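Line by line, the protein sequences give chains U and W.
Residue numbering for the first sequence follows my numbering, beginning at 5 and increasing consecutively.
Residue numbering for the second sequence follows my numbering, beginning at 5 and increasing consecutively.
It should be emphasised that the hints constitute simulated quantities derived from the structure, not laboratory data.
Treat each hint with caution, since some may be false.
Because identical chains cannot be distinguished in the list, a pair is counted as satisfied if it fits within a single copy or across any two copies.
Calculated pairs, DSS-like style, for lysine-lysine (alpha carbon to alpha carbon, straight line, at most 25 Å) [stated by the list, open to error]: (1) K48 x K163; (2) K31 x K17; (3) K74 x K113; (4) K113 x K228; (5) K38 x K113; (6) K233 x K163; (7) K163 x K179; (8) K31 x K113; (9) K38 x K16; (10) K113 x K233; (11) K48 x K155; (12) K155 x K113; (13) K179 x K38; (14) K74 x K48; (15) K179 x K17; (16) K16 x K31; (17) K263 x K142; (18) K31 x K144; (19) K142 x K48; (20) K179 x K200; (21) K48 x K144; (22) K113 x K16.
Remember, it's a predicted structure, so these values are computed and weren't measured experimentally.
There are 2 protein chains.
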Amino acid sequence: MTTQFLIEQIRKKESFLCIGLDTDLDKVPNHLLKEEDPIFAFNKAIIDATHHLCVAYKPNLAFYEAYGIKGWRSLERTIEYLNMHFPEQFTIADAKRGDIGNTSTRYAKAFFEDLGFDSVTIAPYMGKDSVEPFLAFKDKHTILLALTSNKGAFDFQTKMVEGQELYKHVLETSKTYENSENLMYVVGATKAEYLKGIRSIIPNSFLLVPGVGAQGGSLEEVCKYGMTKDVGLLINSSRGIIYASEGVDFAEAAADKAKELQLHMRLALQHQ
Amino acid sequence: MTTQFLIEQIRKKESFLCIGLDTDLDKVPNHLLKEEDPIFAFNKAIIDATHHLCVAYKPNLAFYEAYGIKGWRSLERTIEYLNMHFPEQFTIADAKRGDIGNTSTRYAKAFFEDLGFDSVTIAPYMGKDSVEPFLAFKDKHTILLALTSNKGAFDFQTKMVEGQELYKHVLETSKTYENSENLMYVVGATKAEYLKGIRSIIPNSFLLVPGVGAQGGSLEEVCKYGMTKDVGLLINSSRGIIYASEGVDFAEAAADKAKELQLHMRLALQHQ
């Protein structure tokens, strides 16, 4: 998917919501457990109920790998379903991968070509030759971890490196990578006060912002400091939406929560 | 597996060799491609031919994920085969994972409990709460990326943070994590001159050293600066061993290459 198409979808739907499909069999409503593939059944119901309210879906791979081959089948079915029925959705493999060059190429092919995701999240620690293999794919997007929303972010990401925090150094350095126009960045919403500095380095790049909802970030603050003329934001919510209800009404409850966020986003876009 | 057991195996076999199972269908000998599961058939033959020469096997997950569900099945069969027939082998899931707390827990369960690996490689960028969920598992080992052997290592890992390089800061910080006795570290052999500094921070921890062979590191240098009284080293070789021949003799050729390295290791242990 081109960035332009994503922006058009955001304008059309008045939403920059990404729904995280962190699907956990312990939290899936009981009545779905009798299905042949409860994880896919859950995802399908969530997607069917929410697709008009969001522009992106983000399965976190850990939740699928945790179930081994069965989990991979659920993941494959989910991305196939999205690509078949809702090709307008931007899909994110939240994998946080990163390896030496030829190995990163393997991951890139797996996520972009075989599974057909539009984007994948990548950890920056191993540097240029671990990231560039992902950037080489046309109209595919590499979402680099910059500043994450967890406490551990302060262990290394905010330490000073050559006069600026490591995450800013990651932003600066990544701009020099080949095909860096295919980069987006993960920026934790709970650090909204950092967004001004981030935008001074990457004024136009899309940011994937987790942590609105369960992790306590503020949507208003993120919009105020992070929004660009082309929006430039994807706000992710996972548990707050998909586990809004444990009952048979889980999909409608998810849609209600998504609608709440979408209305806030609509307002933010109107005041842009 | 306890660290003590691993040390005993190293002494018994006079080897601290780890064989990387980076199995690639493009490089597997032709006659295996007619097998139902060529990747597992290849791995099984390599393991059968080399297990007496090494103490560890390390499948890099990217090579398995690249083949989707089929690849996961090959991985599962490989680790099952190792745990069933060669439980004395230390097994490493080279996954380079790392996510926020509850998600890291999912990965930890998948690799340690469901697949039954002894250890997993982890990227440090997200800090404490992304690493500690792995450390919580008794007699399981978390191998943290410190200094990798690729060129991109110089992008961030060697930058100065509070008076020392980032990778040293990672070493120091990780020592404060709960259950840090379950930590090992990835240290690229091509940076053997760095080993002295690393040993001043972590004098006893095991180091997993890639890059001997295809990536050009020197075994002698690694032993000189990296070895501890309990050895404290696992030297990995992947392509240099498993692709030593493309013919029907691939397993014997792999054993020959492994034997070469084992003899060097035996010497290093005798001169310890």
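Hints, verified against the model:
1. In this assembly of identical chains, K48 and K163 lie within 25 Å of each other by CA distance neither inside one copy nor across copies; the values are 42 Å within and 45 Å between.
2. When the C-alpha separation of K31 and K17 is checked against a cutoff of 25 Å, the pair qualifies neither within a copy, at 29 Å, nor between copies, at 47 Å.
3. Taking identical chains as interchangeable, the C-alpha atoms of K74 and K113 lie at most 25 Å apart whether they share a chain (21 Å) or sit on different chains (15 Å).
4. Neither within a single protomer nor between protomers do K113 and K228 lie at most 25 Å apart by alpha-carbon distance, with minima of 36 Å and 39 Å respectively.
5. For a Cα distance limit of 25 Å, the shortest separation of K38 from K113 across copies, 24 Å, qualifies, whereas the shortest one inside one copy, 34 Å, does not.
6. Taking the closest pair of Cα atoms, K233 and K163 never come within 25 Å of each other, the shortest separation being 31 Å inside a single copy and 34 Å across copies.
7. In this assembly of identical chains, the alpha carbons of K163 and K179 lie at most 25 Å apart whether taken from the same copy (20 Å) or from different copies (17 Å).
8. In this assembly of identical chains, the alpha carbons of K31 and K113 lie at most 25 Å apart only when taken from different copies (17 Å versus 32 Å within one copy).
9. When the C-alpha separation of K38 and K16 is checked against a cutoff of 25 Å, the pair qualifies neither within a copy, at 38 Å, nor between copies, at 51 Å.
10. In this assembly of identical chains, K113 and K233 lie within 25 Å of each other by CA distance neither inside one copy nor across copies; the values are 32 Å within and 43 Å between.
11. Within a single copy, K48 and K155 get their C-alpha atoms no closer than 32 Å, and across copies no closer than 42 Å, so neither meets the 25 Å cut-off.
12. Taking the shortest alpha-carbon separations for K155 and K113, only the inter-copy value of 22 Å comes in at or below 25 Å, while the best intra-copy value is 32 Å.
13. Taking CA atoms no more than 25 Å apart as the test, K179 paired with K38 passes in neither setting, with 49 Å inside one copy and 46 Å between copies.
14. Taking the shortest alpha-carbon separations for K74 and K48, both the intra-copy value of 16 Å and the inter-copy value of 24 Å come in at or below 25 Å.
15. Proximity of K179 and K17 under a CA criterion of 25 Å is satisfied in neither setting, with 30 Å inside one chain copy and 48 Å between copies.
16. For the identical chains of this complex, K16 and K31 are neighbours neither inside a copy (33 Å) nor across copies (48 Å), given an alpha-carbon limit of 25 Å.
17. Taking identical chains as interchangeable, the C-alpha atoms of K263 and K142 are never at most 25 Å apart, the minima being 33 Å within one chain and 44 Å between chains.
18. Taking CA atoms no more than 25 Å apart as the test, K31 paired with K144 passes in neither setting, with 32 Å inside one copy and 27 Å between copies.
19. In this homomeric assembly, K142 and K48 never come within 25 Å of each other (Cα to Cα): the closest approach is 28 Å inside a single copy and 38 Å across copies.
20. Taking the shortest alpha-carbon separations for K179 and K200, only the intra-copy value of 17 Å comes in at or below 25 Å, while the best inter-copy value is 34 Å.
21. Taking the shortest alpha-carbon separations for K48 and K144, only the intra-copy value of 24 Å comes in at or below 25 Å, while the best inter-copy value is 36 Å.
22. Within a single copy, K113 and K16 get their C-alpha atoms no closer than 31 Å, and across copies no closer than 41 Å, so neither meets the 25 Å cut-off.
Hint check: violations occur at hints 1, 2, 4, 6, 9, 10, 11, 13, 15, 16, 17, 18, 19 and 22; the rest are consistent with the structure.
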